[in-house]
Amino acid sequence: MIRHQDILLANQFDREFLDHLYDITNKVRTIAKTNSGSLYLKKLLSDKRVMLYFSQPSTRTFMSFLNACQILGMSHSSIRDTTTSSEIKGESKLDSLRTLSSYVDLIIMRTPDAEFAEESASFLKKTRRPVPIINAGSGSKEHPTQALLDIYTLQRSFKNTGGISGKTILFCGDLSRGRTVKSLIKLLEKYDSVKIIQCAPDELQLARGFKSSNRLEEYLHEADAVYMTRIQDEYDKVKGETQRSYEGFKLTKDNIKLMKPNSIIMHPLPRRDEISSDIDDDPRAMYWRQCRNGMWTRVALIAYLFERDEDILKY
Amino acid sequence: MIRHQDILLANQFDREFLDHLYDITNKVRTIAKTNSGSLYLKKLLSDKRVMLYFSQPSTRTFMSFLNACQILGMSHSSIRDTTTSSEIKGESKLDSLRTLSSYVDLIIMRTPDAEFAEESASFLKKTRRPVPIINAGSGSKEHPTQALLDIYTLQRSFKNTGGISGKTILFCGDLSRGRTVKSLIKLLEKYDSVKIIQCAPDELQLARGFKSSNRLEEYLHEADAVYMTRIQDEYDKVKGETQRSYEGFKLTKDNIKLMKPNSIIMHPLPRRDEISSDIDDDPRAMYWRQCRNGMWTRVALIAYLFERDEDILKY
Amino acid sequence: MIRHQDILLANQFDREFLDHLYDITNKVRTIAKTNSGSLYLKKLLSDKRVMLYFSQPSTRTFMSFLNACQILGMSHSSIRDTTTSSEIKGESKLDSLRTLSSYVDLIIMRTPDAEFAEESASFLKKTRRPVPIINAGSGSKEHPTQALLDIYTLQRSFKNTGGISGKTILFCGDLSRGRTVKSLIKLLEKYDSVKIIQCAPDELQLARGFKSSNRLEEYLHEADAVYMTRIQDEYDKVKGETQRSYEGFKLTKDNIKLMKPNSIIMHPLPRRDEISSDIDDDPRAMYWRQCRNGMWTRVALIAYLFERDEDILKY
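Residue numbers (the numbering used here), protein chains in the order written: chain A, 854 to 1168; chain B, 854 to 1168; chain C, 854 to 1168.
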């Protein structure tokens, strides 16, 4: 198995890695259930320090990573507002990165610049003290750990029904402008015979040749998982232009009656009203567990980068 | 004894709880005096994680809670500026709360919204993974942990003179607009024969039928504790309107001569000039110790919420 | 040997202290190379809490100190934006300081006010619970820990060539307006026969009678260390006025050919273009290691303040 040194792109993972990460994540969750297990995890990386370099605002992903690091006992520093940083004194971004990297053992990075995580990783490789980089979201291009947690959630939900292979995943909403769905689809292609359906307004559909509809209800009954997304109206050229066409793409107490009893509803969150909050208690609503799965997947991923995955599996 | 799962309102505590918290707090302080004791405390909750959700600016209360959590070895995340949060992407406050709660074991919350802490606690109770809530100040309504630390300070100061019962507490300053005094009075009513006097400008007095004066010096000689408060002029309808009427309500090297030798001076801080800094060294000046008591009371309270109070008392 | 209780001014250190700190720093680095050593360090001050009080923006120095504290296992709180602090409620700076100090065991302080660190230290000495203060940069006056890390870097670089005494240090750039160079020169004067040369535009030279040039290349061949500094144009009275005269004061792949093979290039960072990035790989480029040395020097310094230096040396 290839050992990844950085986590940069959803594309970098093969099936073997996805299965390995699934195993580590499951084991970590089991270990954490007991007090002694939690203390074991908290010692695992207690001599390591991490920098959370978030120059793009994010609460959810930041907190998910931070708590993952804390579960492993890591100390952390964070940068969340680059206006207080040395950049105002005219320092280059790569100089800032090199300085910050000199204090820590890992950098978790979220930037509006689509290429910066890759650029950083290859730059640091050339220095005397390279540290691994995890891409926690780069512009509208990549969000590989979101894709990993989505895969984990699907795999876990389908563990008694043959796994991801052969399942039908329906994506709904603003598909062309978000990075989440694109990254996830890349990973789904590593599994056999996954059927993808998209339900979205015409102008927000993905270009590729998936089975498509501009009516959510048309295919709800076929889906094993319905993956909802929020409207990304921060990309609207005219404020509110996509709001109207989005009206039909919402899950409600009414239309989820069309869904199979064993299917699941996913959402990367935050949601607006594309999922009515009165279905949060439905057993198929998986989005809150998906959110917590994110933290556990990140615990597994960080332990893996520091080559503690085998220790965890043997615990 | 009732076991509280959340700390929301000063009203929720009975005498038995207040006495229990006093005992835990005293024991924690004793334990922390030695190096091995400090390390014992730092392991006590080292597998727990806390979220400090402070959407209302606060340095003092934030730092007091944060250091209390650190004394117990907890890892923490914090939100102090909701403008970087997902709320800008249109998420509801309860969705944000549920997401954040999914990463941690305790939420300490300060909000401008008077009802949000209670609303949050009852909302989380209905989810699959409720976590306890501590109200660290909600609007102008409640600040229950301030009341608890005030009670602790009074009880400790009067431990050799029969405790709080039967004492005379004089409140001075801006009484009608702050939450501190109102919460503390609720707790003082759990003790026998506590006499309350208020000295304040007429328009800032409490409505209830306490012995009142609009001249501070009138009753200073009667007080066992003088509880000073700053003017809350952020609530002034006309800027500066209360400033003038406040002139007489200040403690100075001169007028404290009227106070009993064993009485104490309290203040929730921050102060402006309602207590002259040249009396900080007077043995009756209790406000700096009161501030540090706050941290220890919070240590005791958090340990209690995780049911480690008996372990502490047995140490 | 005098035991310092606070770190306030570069002037306070004698040679004996500088040599002692060099030894502790070297030992700490050796200890940290192993996993068990890192865990030893992380327990050393694990019952202590530190407040990073940074009312002047700084990323580099903040992160360096924070990671130093984390290496020693300390818990930390930080203030980086005084607009969210109680000061807005009209509290005096000394009251804020006293409150914050009541929660922690050490304050590391960076302020725009040149005198505040000294004032704070002498104020706290008079209270019931003084805690040590480290000055992490006060206005344009002092930055004593930068001077300490510079001395450490020089001493380490010259360990096989007789140490700092007798060496020639060339300072280049904006010398009159920065605090770094002035503090370092104070410490260099504790060593025998150190020769100081300054190369700077006439108006940015130091007043004192050092060998001077307004042409960088004139003395490059004489230097054992070339200490570059960035232009401090935030002090320009007319925007850009010093930019032009600064053109000649840059190190390039070309002019470093004039430097001795065993000499070193230092820079407090951040740099702009006064050092061309294409010489970063030159073995004489010491500035990135200097940056990491800063963290280790601070680890040593903090351990020293808590009187754990002898434990470290004996490890």
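Keep in mind that the hints were calculated from the coordinates and are not lab data. Mixed in with the good hints, there may be bad ones.
[As the list claims (entries may be wrong)] Example chain B residues on the side facing chain C (calculated, C-beta under 10 Å, incomplete): (1) Ser917; (2) Ser1130; (3) Asp1131.
[What the hints assert, rightly or not] When the alpha-carbon atoms are kept at most 30 Å apart in a straight line, the in silico DSBU-like pairs for lysine-lysine are as follows: (4) Lys886(B) to Lys978(C); (5) Lys994(C) to Lys946(A); (6) Lys979(C) to Lys1106(B); (7) Lys1012(C) to Lys979(A); (8) Lys979(A) to Lys1110(C); (9) Lys896(A) to Lys1110(C); (10) Lys880(B) to Lys1110(C).
[To be verified] Counterexamples of contact, computed for chain B against chain A with all Cβ distances above 12 Å: (11) Arg868; (12) Gly926; (13) Ser945; (14) Leu947; (15) Asp948; (16) Ser954; (17) Lys1012; (18) Gly1016; (19) Lys1043; (20) Ile1050; (21) Asp1089; (22) Gly1093; (23) Arg1125.
Heads up, the beta-carbon is just placed ideally off N, CA and C, and yes, glycines get one too.
Each hint, compared with the structure:
| no. | hint | in the structure |
| --- | --- | --- |
| 1 | Ser917 | holds, 6 Å |
| 2 | Ser1130 | holds, 8 Å |
| 3 | Asp1131 | violated, 12 Å |
| 4 | Lys886(B) to Lys978(C) | holds, 20 Å |
| 5 | Lys994(C) to Lys946(A) | holds, 28 Å |
| 6 | Lys979(C) to Lys1106(B) | holds, 19 Å |
| 7 | Lys1012(C) to Lys979(A) | holds, 27 Å |
| 8 | Lys979(A) to Lys1110(C) | holds, 23 Å |
| 9 | Lys896(A) to Lys1110(C) | violated, 49 Å |
| 10 | Lys880(B) to Lys1110(C) | violated, 68 Å |
| 11 | Arg868 | holds, 33 Å |
| 12 | Gly926 | violated, 9 Å |
| 13 | Ser945 | violated, 8 Å |
| 14 | Leu947 | violated, 8 Å |
| 15 | Asp948 | violated, 6 Å |
| 16 | Ser954 | violated, 10 Å |
| 17 | Lys1012 | holds, 36 Å |
| 18 | Gly1016 | holds, 38 Å |
| 19 | Lys1043 | holds, 35 Å |
| 20 | Ile1050 | holds, 47 Å |
| 21 | Asp1089 | holds, 32 Å |
| 22 | Gly1093 | holds, 34 Å |
| 23 | Arg1125 | holds, 29 Å |
In the structure shown, a violation is registered for the earlier hints numbered 3, 9, 10, 12, 13, 14, 15, 16, in ascending order.
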